[in-house]
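If you read the sequences in order, they're chains A and B.
Going by our numbering, the first residue of the first sequence is number 1, and it counts up by one from there.
Going by our numbering, the first residue of the second sequence is number 1, and it counts up by one from there.
Any given hint could be a false lead.
[Unchecked claim] Under 7 Å between C-beta atoms, here's a sample of chain A residues computed to sit facing chain B:
no.	residue
1	19
2	52
3	56
4	79
5	81
6	85
7	88
8	89
Rather than coming from a laboratory, the hints here were simulated on the basis of the structure.
C-beta atoms are modelled at their ideal positions from N, C-alpha and C, and glycine is treated no differently.
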Amino acid sequence: MARFLEAEAFAPTRGEWQFLPFRFHRVEAGVLITNMVGEHLIVSEEDFRTVSDDVLPADSPLVRRLRSKQIIRQPGDKAPLDLLALKTRTRYRRLSESTGLHIFVVSLRCEHSCPYCQVSRQSTDKARFDMSRATAERGLELAFRSPSRLLKIEFQGGEPLLNFDLIETIVLEAERRNAQHHKDLSFVIATNLALLDDRVLDFCASHNVYISTSLDGPADLHNKNRPRPGRDSWDARLRASAACVRSSERTESPL
Amino acid sequence: MSEHEITFEAAHYSADAIQRAVYKLSDRLSCDLASDGTLYRCTLRTLNDTGADAGLLVEHFRNEVLDETLRERVREETREVRNLILALAFSNTGLVDPADA
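The task is simple: from the sequences and hints, build the whole structure.
And the structure:
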């Protein structure tokens with residue numbers, strides 16, 4: 001009758017370990033070892049010497065730890081390779097989706113003068129700092145070439161509401177193109193809300209355009225950070241936020 | 001600032017490992033590296049030393065070259081298996097054209 005071999009037949013043979021890709025760095029607690037997918041363990045200096053000098057025993061707590069993190073393997077053992085491949089694929093899964101967020105900077109104009117703003121703000125009477133329709137259409141072509149099934153178009157600036165005509169054009173054109181592509185399409189406007197009016201609110205409600213804004217803190221801090229004519233950025237933002245909420249409730253749209 | 005000269009045998013150490021060690025400690029020392037084919041000659045200059053610390057720093061550099069040599073060995077020994085793992089990882093994602101595989 002067939003029977004199992006003794007346990008020793010399944011035990012790894014001394015000295016037949018192969019390295020898998022790993023990195024190491026000496027730290028206060030010992031030696032930090034990381035595997036190919038960034039998982040780690042910390043071993044003592046003495047244990048690390050047995051690794052680097054290739055004098056690992058057939059079995060030991062250290063060997064079991066190193067195997068569990070795919071730092072070493074037995075020759076011909078395919079399971080660690082499959083595991084590392086799976087973890088690598090999971091880690092980089094997002095690459096196959098490409099990017100789903102596309103930012104349209106529709107204007108470099110802004111009526112605020114925030115000292116920390118990264119945009120080269122231009123004053124409101126310089127219309128040549130707005131995105132052209134041709135550029136917007138080219139941007140949409142690129143956005144729809146993304147293999148991602150999710151597509152979020154975010155409008156930024158400057159203050160994007162200063163070029164709201166183009167925002168309307170982009171939203172309508174994106175919806176028209178999406179009739180063929182069937183992506184999960186969404187829109188958001190990042191705005192200081194100072195130029196929000198009923199026209200903007202009605203359009204956003206009709207097309208499920210989200211509105212994103214921020215406060216820098218209480219009124220004195222916010223207004224110091226966000227200077228604008230009238231020095232009322234905080235009040236204007238709160239009034240506009242309330243208008244957004246009312247519009248959202250009235251139209252049952254997310255905003 | 002103090003100056004120290006140490007040598008490494010080219011048969012056992014690579015210029016790449018020495019350079020990586022120098023770069024890692026570049027906030028504390030600089031190095032002029034020369035070679036005559038059999039020896040790498042490192043002229044180390046400590047940037048902020050106080051005598052005894054300079055000696056320790058030089059030994060730290062020597063150990064760092066050893067570590068970089070080990071890292072080099074691991075990279076070489078695992079190069080093929082790393083490529084195999086990456087091929088396994090991306091073989092069925094649609095990112096690689098079968099014609100190019």
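Hint check:
1. 19: Because about 5 Å separates residue 19(A) from the closest Cβ in chain B, which is inside the 7 Å limit, the hint holds.
2. 52: 5 Å, holds
3. 56: With Cβ-Cβ at 14 Å, over 7 Å, it is violated.
4. 79: At about 12 Å, which exceeds the 7 Å cut-off, the nearest Cβ of chain B leaves the hint on residue 79(A) violated.
5. 81: It holds, given that the least Cβ distance between residue 81(A) and chain B is near 6 Å, below 7 Å.
6. 85: This hint holds: residue 85(A) lies near chain B, its Cβ roughly 4 Å from the closest one there, short of 7 Å.
7. 88: It holds, given that the least Cβ distance between residue 88(A) and chain B is near 4 Å, below 7 Å.
8. 89: Where the cut-off is 7 Å and the nearest Cβ of chain B is about 4 Å from residue 89(A), the hint holds.
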